[in-house]
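Asker: Next come the chains, spelled out residue by residue.
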Amino acid sequence: MSALLQVFAREARLAWAGGGGAAGPAAFFLACISIVPLAVGPQAERLVAMGPGIAAIAALLAVVQTAERLFADDASDGTLELYVLMPVSPALLALAKVLGQSAATLAPLPFIAMVGGIMFGLDFAQSALVGLALFCALPALALIAGFAGALAAGVKRGGLLIALIAIPMMIPALIFASGAGRAALEGEWDRAWATVLLTLAVSLGTMALMPFGIAAAMRARTG
Amino acid sequence: MTQIVEVLPDLAPFESFALKVADLTLSRGDLRLVEGLNLSLSSGDAVFLMGANGTGKTTFLHALAGLVRPDRGQIMLGDTPLDPEASEWIGWLGHVDGLKPNETVRETLRFWAGLQGERKPPIMPVLKALDIGHLIDRPTGRLSRGQQRRVAFARVAVANRPLWLLDEPAGPLDQRGRDRLAELVAWHRGRGGIVIAATHQTLDWPGAETLELIR
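So the sequence lines, in the order shown, correspond to chains A and B.
Heads up, the first sequence is in the numbering used here, so the first residue is 27 and it goes up one at a time.
Heads up, the second sequence is in the numbering used here, so the first residue is -7 and it goes up one at a time.
The set of hints was computed from the structure by calculation and includes no laboratory data.
Be aware that one or more of the hints could be misleading.
Unchecked claim - Now the in silico label distances, taken between C-beta atoms and shown as ranges:
#1 A:V181 with B:K112: 39 to 45 angstroms
#2 A:E214 with B:D129: 53 to 59 angstroms
#3 B:E204 with A:V181: 31 to 37 angstroms
#4 A:L31 with B:D196: 40 to 46 angstroms
#5 A:L223 with B:P164: 52 to 58 angstroms
Said to hold, decoys possible - One-sided and incomplete, this derived list gives chain A residues near chain B with beta-carbon spacing under 7 angstroms:
#6 L40
#7 Q69
#8 A246
#9 G249
Here a beta-carbon is modelled for each residue, glycine too, at the ideal position from N, C-alpha and C.
In isolation and in its complexed conformation, chain B is listed as follows (with noise of 0.2 angstroms):
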C-alpha cells in the first residue's frame, strides 16, 4: 500500500454515491442467468461475484455496464436509473484486454483516457504502480499475457471513472502482479469508488464482500 501511494498522484475522491440493484433478472436466450438479485452498494465497497462458469458473472457486468438490457427489475445509480451515460460512470475491464498489437502501451492508454475525456491522465504513475512503467514504449503485441492485463488494468485505471467492473481481473497475474492489483482496488475504494469483480481468484482485497451466483 505504501508504495502505490507514493507513486500514484494525489487524485480528488469520488462524490459519494451509491448503487443498488432491485429484483434483477437477466436472460442469454431461453436460458434464465440470474432471478430476482438484489444488491446495494456504496462508496468504498467492494463486490467479487463468483460462481460456476454460465452462472451469469459476466452477463451481470454487461448488465450493469448498460451492454445487457435485464429482462425485469432496476439498476440506480444515486437516485437515477441506469441509461446510456452510465458510461460516464464506468470503467470496464472485460475478459479480454481490448489492445492492438502494433500500439505501444502509451499510445493505447492516451487514446483511451483521451475518448473519455482526460486531459492529463495519470499514465506514468499508474504504469509504475503496476510495475510496467519500463514498457510504456513497448507495443503491446510484444508483452506478456500478464503484462497485458496489466495494461488493460491501467487504462481502467487512468480514466478515473468511479464504478469498475472488472472480468476475470487477474486472470493471469502472477502473485506480484495480484498484490499490485490488490492496490490499485485499494486506492480506488480509498477514494470512494466502488469495485466489482467476476473472478474464479480468491483475491485478498480486505473488506471485500462476495456474491455467490447459483444456477
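Isolated chain A (complex conformation) (with noise of 0.2 angstroms):
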C-alpha cells in the first residue's frame, strides 16, 4: 500500500511542478461557464434552467482536456516502461497514477462549479449540490480520461484519439451529474440526493474495473 501512496503523492507534486497543477483546468472551466451567458444570452429563468448542465459539460471538456498529458510524457521519457517493470499490482498502480495527477489538477472544479451555479442564478443549496455531484463524478472522468490517455500515449494527435474514446463513456456520469442538479433546481430532493449517490455508483465502479484497461494500455504501448 504505501508504494501506492507513493505513486499518488509523486505524480500529485510532479503535476504541480511540472505542468501547472490545477491553474490549467481551472482557468478552462471557469471561461467554459463564463462565456455561456455571453453565447445563449441574459435571460435569468433561461440560465438558471441550464446551470447544472454547463457545469457538467465544462467539467468533462476541462477533465478531456488533461487527458493528453496523463500519459504522454512517460511515454517519451521512459517512465511508461519503468512503471510496468514495477512488482506492484499493474492496476493499482494505475488507479495511484490517474487519481494522483487528478487529484492535484482537478480538485478546484467541484468549488468552481459552486460558484457557477450562483452565478447562474441557483441558490446556495441547489450550487452546493451541483458541486458535490460533480465531485463524485470526477473518479469516474478522471479513469476515464485516464484509460483514453494511456491508449493514447505516443499517438501523434492523440488528442483527437482520446475525444473520441473518453467522451462517449463519460456520458452515463454527465447525465447523472447533471441530473442531480436539475433535480435540485426542481425542488425534488430526494431524486437529486439519489442522483448523487448514482453519480457515486458510477464512478466507484469505475474505479474498480477502469484501471485494469488502463494497465493493459500502459502495457500495450511499452511493448
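Using the hints, put the two standalone chains together into the complex.
Answerer: Shown next as C-alpha cells:
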C-alpha cells in the first residue's frame, strides 16, 4: 500500500511542479461557464435552467483537456516502461497514478462549479449540490480520461483519439451529475440525492474496473 | 575497481541463478527480427548485444523483460519460464532515462527504490561511485545528458536486482563515465549478477561476451 501512496504523492507533486497543477483545468472550466451567458443571452430563467448542465459539460471538457498529459510524457521519457516493470499490481499502480495526478489538477472544479451555479442564479443549496455531484463524478471522468490517455500515449494527434474514446464513455457520469442539479432545481431533493448516489456509484464502478483497462493500455504502449 | 569497492556498501551476493534462452523468435509487426536464438548465462556473466540498427537488440531486451511476447521459444530464469513476476529480478535501463526534470536526483532514486521494495537503498554510495554524489539535490532537468544517464544507471544499481538489462548504457557518457560504468558492472557481476547490454560502442568489460544480431 505504501508503494501506491508513493505513486499517488509523486504524481500529484509532479503535476504541480511540471504541469502547472490545477491552474489549466480551473481556468478552462471557469472560461467555459463564464462565456455561456454571453452566447445564450442574459435571461435569468434560461441561465438557471442551464446551470447544472453547463457545469457538467464544462467539467467533462476540462477533464478531457488534461487527458493527453496523463501519459504522453511518461511514454516519451521512459517512465511508462519503468512503471510496467515494477513489482506492484499494474492496476493499482494505474489507479494511484491517475488519481494522484487528477487530485492535483481537478480538485478545484467542484468549488468553481458551486460558484458557477450561484453565477447562473441557483441558490446556495442547489449550487452546493451541483458541486457535490461533480465531486462524485470526477473519479469516473478522470479514470476514463486516463484510459484514453494511456491508449493514445505516444500517438501523433492523440488528443483527437482521446476525445473520440473518452467522451462517449463519460456520458453516464455527465447525465447523472447534471441530473442531480436539475432535480435540486425542480425542488425534488430526494431525487437529487438519489442521483448524487448514482453518480457516486458510477465513479466507484469505474474505479473498480477502469484501472485494469489503463494497466493493459500501459503495457500495450511499452511493447 | 579499488575506488568502487571503497565507496559501495558490502551488499550480500545474489543467489546463484541461470538465464536460458531457447529457440527464441521475435517479430515486430510483419518483420522477423530474431530467429531461433539460443543463449545461456549464469551468475557473473555479461553479454554485449551488438548489431546494426533494426536488428532487434532492443526488442530482445524487451522480450527478456517480459514487455514483448516472443513468437516462439522460451526464456527461463532458473527452472521457471519468464513471467510477469520477473520484474522482481530485473534492473532496467531503457534507451531513454525515465527522469522527470522537476524531480531531484535524491527524490528520483528514493521513489524508484521504494517502489521496488528497497527500504534502505545505498543511494549516496552509488552516486559517489558514479562521480555524481554532489548532484544529489539537483533537479534532473538541470543535469547534463551524461549526468542524467548516470542517474538513470544509479536507479538500476540501487534497486538490488540480479539481472541488469541495459539499452545503450554508455551512449552519452564520456570516457570517465564509461570507466565508472564498467567498474559498477564489475561490482554487480562480482556479487553474482548478470548483465546484458545492447550497445553500438565497444566497452571495456573484462570477460564480457559478444552476441552479434544479424538481420
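Asker: Each hint needs a verdict: does it hold in this structure or not?
Answerer: Results for each hint:
no.: 1; hint: A:V181 with B:K112: 39 to 45 angstroms; in the structure: holds, 40 angstroms
no.: 2; hint: A:E214 with B:D129: 53 to 59 angstroms; in the structure: holds, 58 angstroms
no.: 3; hint: B:E204 with A:V181: 31 to 37 angstroms; in the structure: holds, 34 angstroms
no.: 4; hint: A:L31 with B:D196: 40 to 46 angstroms; in the structure: holds, 43 angstroms
no.: 5; hint: A:L223 with B:P164: 52 to 58 angstroms; in the structure: holds, 55 angstroms
no.: 6; hint: L40; in the structure: holds, 6 angstroms
no.: 7; hint: Q69; in the structure: violated, 47 angstroms
no.: 8; hint: A246; in the structure: violated, 10 angstroms
no.: 9; hint: G249; in the structure: holds, 5 angstroms
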